[in-house]
Amino acid sequence: MNTQQSVLSVLVGNSIGVLGRVAGLFSRRGYNIKSLNVAETEKSGLSRMTIIAEGDENEMEQVVKQLRKLYDVSEVMILQDAVCREQILIKVGNSSASRQPIIEIANLFRAKIVNVGEKELMLELTGEPEKINSFIDLLRPYRINKLVRTGISALERE
Amino acid sequence: MRNLTGADIVCECLIEQGVDTVFGYPGGAVLNIYDSLYHYKDKIRHVLTAHEQGASHAADGYARATGKTGVVIATSGPGATNLVTGIATAYMDSIPVVAITGNVGCSLLGLDSFQEVDITGITMPITKHNFIVKDVNKLADTIREAFYIANTGRKGPVLIDIPKDVTAKKADFTNKPLKPLTVSYTLHHDDCLLKAVEMIKESKKPFIYTGGGVYTEAGAKALYELCEKADAPVACSLMGQGSYDQTKSRYMGMLGMHGTKTAAQALYECDLFIGIGTRFSDRVIGNPDTFAPNAKVLHIDIDPAEINKNIKVCHQLIGDSTDIMTNLVKLLPQQEHKEWMEHINELSETYVSVQKGTAEMDLTPQHIMETLDMLTGGEALIVTEVGQAQMWAAQYYRYKHPRQLITSGGLGTMGYGLGAAYGAKCGRPEKTVINIAGDGSFHMNLNELVTLSKHNIPVIELVMNNNVLGMVRQWQRLFYDKRFSETTLDRPTDYEKLGEAFNIKTFVITKNSECEEILKQAIEISKTAPVLIEARIDRDINVLPMVPPGKSVTEPILELNIDD
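Note that the protein sequences, when read in sequence, are chains A and B.
So the first sequence is numbered by the working numbering: it starts at 1 and just counts up by one.
So the second sequence is numbered by the working numbering: it starts at 1 and just counts up by one.
Don't read these hints as lab results, they were simulated from the structure.
Check before you lean on any hint, since a few could be wrong.
Label-pair restraints from in silico Cβ distances [said to hold, decoys possible]:
no. : chain 1 : residue 1 : chain 2 : residue 2 : range
1   : A       : Cys84     : B       : Leu331    : 41 to 49 Å
2   : A       : Gly13     : B       : Cys106    : 16 to 24 Å
3   : B       : Pro78     : A       : Leu79     : 40 to 48 Å
4   : B       : Lys195    : A       : Leu11     : 25 to 33 Å
5   : A       : Ser15     : B       : Phe484    : 45 to 53 Å
6   : A       : Ala39     : B       : Leu478    : 53 to 61 Å
7   : A       : Leu79     : B       : Lys41     : 50 to 58 Å
8   : A       : Lys112    : B       : Pro177    : 55 to 63 Å
9   : B       : Glu514    : A       : Arg28     : 47 to 55 Å
10  : A       : Gly13     : B       : Pro180    : 16 to 24 Å
11  : B       : Phe484    : A       : Cys84     : 53 to 61 Å
12  : B       : Leu31     : A       : Gly13     : 28 to 36 Å
On a predicted model such as this, the values are computed, not experimentally measured, just so you know.
Just so you know, even glycine gets a beta-carbon here, dropped at the ideal spot from N, CA and C.
Start from the sequences and build out the full structure, keeping to the hints where you can.
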């Protein structure tokens with residue numbers, strides 16, 4: 001069966017070790033996590049995880065069912081039609097030669113320059129993962145010093 | 001409302017949950033809990049074991065024998081880690097156990113303090129859930145929730161870790177009524193049930209199979225009625241032994257790696273396979289691609305995650321197996337499969353399991369088990385260790401009731417049986433309880449003999465001594481060209497002296513001819529005192545039939561010559 005990427009939206013209680021329980025389930029059953037992102041929701045005591053998991057249809061069925069068995073997990077959904085966003089912070093070299101082309105790329109992607117240092121520019125961008133990827137590719141020639149991505153967070157459309 | 005210490009709250013909650021027996025071992029971090037147990041000793045019986053592992057198996061055996069929740073208490077650090085094998089054993093077989101561990105005080109947590117271990121981290125993958133309670137005000141509700149989790153849906157172990165200062169602090173305590181147990185998933189609305197009924201009606205060669213999920217008398221009754229209504233033969237997994245009365249003619253024997261040829265052949269021929277309360281373990285299905293090749297599979301289980309996990313099914317009913325079977329019985333018209341049932345009976349007569357070469361032997365495991373069956377009227381609780389003796393115990397005793405065979409099926413824990421046996425006996429004192437051990441497993445936890453004699457728990461510990469690690473040796477014979485690496489034990493243990501040292505009456509059986517007389521005496525003594533029996537058997541007896549791993553279940557090895 002074909003390997004596919006699925007976007008899982010998992011609502012969990014904010015209890016001790018909940019991240020460990022979810023991550024542990026993936027590792028011990030041999031499921032692949034591409035990215036995982038978690039933060040509190042509008043309801044106190046509840047957090048939402050967005051997990052990008054990889055596997056064939058059977059594995060995904062198992063992932064969902066096994067997650068539902070965890071005591072701290074109150075809801076698991078595979079998102080079919082969803083808005084997916086990721087944020088990146090990236091530091092690239094700041095020199096008189098590179099500054100202008102970097103600013104142009106930033107404008108093109110509507111990225112923000114959030115810090116300007118003597119040797120580095122820090123840029124921030126939110127968008128779909130593919131957009132983030134091409135942003136990185138375009139900046140590559142200008143010496144990327146460091147970058148951090150949040151991993152995807154997603155919400156289903158109406 | 002009373003203002004109680006955390007330790008007293010632990011005892012009060014146990015009583016509230018109907019617990020009257022706990023197994024455990026004291027230590028620094030549980031001093032307060034043991035001080036409280038001292039005051040509550042009229043209401044809670046504490047059984048002190050030789051080792052925490054024994055206590056964990058005892059809690060498990062108690063739960064399997066009674067259907068109640070087993071409770072084990074251990075101290076922090078090594079006390080807690082010694083529970084790990086027992087908890088994992090209970091987890092693999094879905095047994096409700098609540099493990100209570102002490103930990104160092106909250107201010108010492110995370111500092112590598114003396115006897116500190118992160119037991120919730122360690123037991124995360126082998127518990128249904130676990131808790132660390134850092135606030136005494138949350139202790140009572142956490143304990144209640146732990147019992148609820150252990151018993152609801154697919155059962156399993158839950159661990160509660162309590163730092164020492166929490167057991168000393170005080171909180172207000174009021175008794176609460178028990179939270180009703182609900183089945184979390186009930187997808188068997190009428191359409192689902194009717195589809196299953198149609199499948200059974202269409203079938204000409206149905207096969208009913210049960211696992212550890214049919215474990216109550218009500219479940220066994222519903223199963224019996226379903227088999228009658230569907231006019232189907234039945235087989236059970238190791239965990240399902242006793243869910244169907246094995247003295248009845250529909251019973252084909254165990255299914256799986258060491259199952260009967262009849263069950264295997266019927267599995268090949270059947271056109272509908274109904275699996276009830278089972279997770280289709282690899283030890284049962286062998287190669288999943290050749291499993292029931294001519295059949296549609298109907299799966300009935302309480303855990304939705306088991307559907308399509310190991311075997312692709314045609315239809316599923318999710319929920320309490322007793323409920324579902326009862327509903328099916330109501331909806332299903334009486335079926336008749338005369339030819340199929342006659343065929344099954346012919347198979348049973350053709351494939352009588354007799355091991356070649358054993359007729360000349362002085363003492364055989366088959367004879368021991370069949371004699372026990374005869375002497376106890378098939379009504380004893382049989383507990384087992386793991387390996388060849390475990391399989392013989394499953395094959396040659398005819399179980400009539402659920403909860404009658406207590407064995408580590410999923411984890412395969414050597415050293416399980418003795419602890420589980422006295423746990424079972426504490427819960428069902430009216431029953432004859434016999435632990436069937438091999439000499440390998442026996443030596444793993446024989447320290448627990450002292451628990452039998454100290455508390456006078458009248459269990460029969462029967463060691464089938466072949467001086468080898470038989471099951472591993474059997475695999476070495478078959479798959480490693482008879483290179484018996486480290487499986488020839490030949491230990492100098494003198495069982496009679498050992499029994500004497502532990503103050504336990506000991507017998508030695510060497511011949512089939514003396515088996516009945518000695519076992520009769522042992523059963524008589526076991527009404528009031530524990531008994532140790534060494535049964536000396538030949539090291540070359542194999543467990544047959546046997547399906548080589550990964551091979552089709554339908555083609556088991558039926559005969560092995562000892563010189564092969």
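Going through the hints against the structure:
no.	hint	result
1	A:Cys84 with B:Leu331: 41 to 49 Å	holds, 46 Å
2	A:Gly13 with B:Cys106: 16 to 24 Å	holds, 21 Å
3	B:Pro78 with A:Leu79: 40 to 48 Å	holds, 46 Å
4	B:Lys195 with A:Leu11: 25 to 33 Å	holds, 32 Å
5	A:Ser15 with B:Phe484: 45 to 53 Å	holds, 50 Å
6	A:Ala39 with B:Leu478: 53 to 61 Å	holds, 55 Å
7	A:Leu79 with B:Lys41: 50 to 58 Å	holds, 56 Å
8	A:Lys112 with B:Pro177: 55 to 63 Å	holds, 58 Å
9	B:Glu514 with A:Arg28: 47 to 55 Å	holds, 50 Å
10	A:Gly13 with B:Pro180: 16 to 24 Å	holds, 22 Å
11	B:Phe484 with A:Cys84: 53 to 61 Å	holds, 59 Å
12	B:Leu31 with A:Gly13: 28 to 36 Å	holds, 32 Å
In this structure, none of the earlier numbered hints is contradicted; all agree with it.
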